[in-house]
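Visitor: Let the sequences and hints guide you as you build the complete structure.
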Amino acid sequence: MIKKNLGPASQLDAEAILKDARRELALPSRRLFAKRALTLGGLSLLTGCNITDEASVNRMLERISRMNDGVQGWLFDPKRLAPTYTQAEMTRPFPFNAFYGIEDVPDIDGSDYQLEILGLVANKRPWTLEQLHKMPQNEQITRHICVEGWSAIGRWGGIPFSYFLKMIGADMSAKYIDFQCGDDYHTSIDMATALHPQTQLTLTYDGEILPAKYGFPMKLRMPTKLGYKNPKHIVSMEVTNKYPGGYWEDQGYNWFGGS
Amino acid sequence: MASPALNTLKKPVVHPIWLRITHWLNALAVIIMILSGWRIYNASPIFPFRIPSEWTLGGWLGGALQWHFAAMWLLAFNGLVYLLMNTGSGRLWKKFLPLRPREVIQDMLKALRGKLQHDSLDHYNAVQKLAYVSVILDLILLVVSGLAIWKSVQFPVLRDLMGGFDNARIVHFFAMAFLVVFIVVHVIMVALVPRTLLAMLRGR
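Listed in order, the protein sequences are those of chains A and B. The numbering of the first sequence is my numbering, which starts it at 12 and goes up by one. The numbering of the second sequence is my numbering, which starts it at -11 and goes up by one.
No wet-lab data here; the hints were simulated from the structure.
Simulated DEER-style distance windows between Cβ atoms:
hint, chain 1, residue 1, chain 2, residue 2, range
1, A, His144, B, Pro36, 40 to 46 angstroms
2, B, Glu42, A, Asp118, 37 to 43 angstroms
3, B, Val121, A, Tyr258, 44 to 50 angstroms
4, A, Tyr96, B, Ser41, 32 to 38 angstroms
5, A, Ser67, B, Arg101, 47 to 53 angstroms
6, A, Lys145, B, Gly152, 35 to 41 angstroms
7, B, Arg192, A, Pro208, 58 to 64 angstroms
Output of the computed footprint for chain A on chain B, the stretches with three or more beta carbons under 8 angstroms from beta carbons of chain A:
hint, stretch
8, 26 to 36
9, 53 to 65
10, 140 to 146
11, 153 to 159
Listed next, the in silico SDA-like pairs over lysine to any residue satisfying Cα-Cα at most 20 angstroms (straight line):
hint, chain 1, residue 1, chain 2, residue 2
12, B, Lys139, A, Leu206
13, B, Lys139, A, Gly238
14, A, Lys90, B, Asp148
15, A, Lys30, B, Leu186
16, A, Lys30, B, Ala99
17, A, Lys186, A, Asp80
18, B, Lys83, B, Ile9
19, A, Lys30, B, Ala179
20, A, Lys253, A, His197
21, B, Lys82, B, His3
22, B, Lys82, B, His111
23, A, Lys224, A, Ile113
24, A, Lys90, B, Lys139
25, B, Lys139, A, Ser76
26, B, Lys82, B, Val2
27, B, Lys83, B, Ser122
28, B, Lys139, A, Gly263
Remember, predicted model here, so these are calculated numbers, not experimental data. Idealized CB from N, CA, C, for every residue including glycine.
Guide: Listed below in structure tokens is the structure:
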């Protein structure tokens, strides 16, 4: 029964489409438009103009990125933990990643190392590596997520950062903590993330003293943030209310960089 | 008030104004997200190929991320307005339901023989219904898998639903690929039947 109805109906459709097509072909401007419609979108964005270089467009993108910082700060739950993994799930070898090649990893002497403390802190006394190793430590096997999209699971040991901040009498109501690094890297984080239970002043990797390629003598490990927010080779930290930016952040990476 | 006589002279509105606005804003958001997404993909490809950088938006990874994270607001809010208006007005069910597999197969066969009906703009055939419903669901999947990648710690349910962080990237990729295939077919169909483009621009 359905098949019987198909015949005349489909004939009508074919005629309608042909009629349509004939009319369109009779109009050169429409024909051209139809032709262009096939590549609409791709072409207009790619060849129309170089919107990526427009200063006003960049300002708008920068403003939206600041707004996204705010949204992420609002979304951030200080009690929610990143998933943890077993030793068998660790990524081996854990990838090296920096803004330079592995041959340029800084060679820092641990014996005369001192962590400098600046800003809104009661006790600004610097810390030697020996003193840091004597503080209470814990361990985590967590996923490091890179802004590029890859991820790797590593085992990190060190001082819970919130404990350290309490120890030095940091102003917990301050907005930012800025980190300067021995490889000329620098980044900064929000106080809420600094106080997160999984945020750690990391001194060991997989039970061993932190190797140079992973940030000797000390890195900040945050499974709630993307890789570029986790500074390595930290030499000084400052508690501040002035927005400190960062190496990649100043070039356009999102500042909050949370995951 | 228009008299009945006037109404019969004027062609009926196929696409209400809110639908046309959300459609074109969605087109803009989706194109920005796809082109910037390709650049982000290139930073760490999941599969053994890269997208030619001339086809991407953003200039570098940081720029592409800025575009991606800006357009996501347009995509999400515009999509929300579309879904609310479409379900609230009952248009969604009227246009896309019933969607019967048997009719899809019949219309698909007709389409393959070049005999598919496309003369009435305010009525979708079964293949169109399936295509549009699929792309709506695909966009929802893109948003959900994107959220799982963007905030994998903050949205543990979404992350687990996607099968973990790494898997969410694969889901996001294939949902993108489906959207690209849809857009290509969609644009070819519009080029074949340009009346549909006019209807999406002026409503009738």
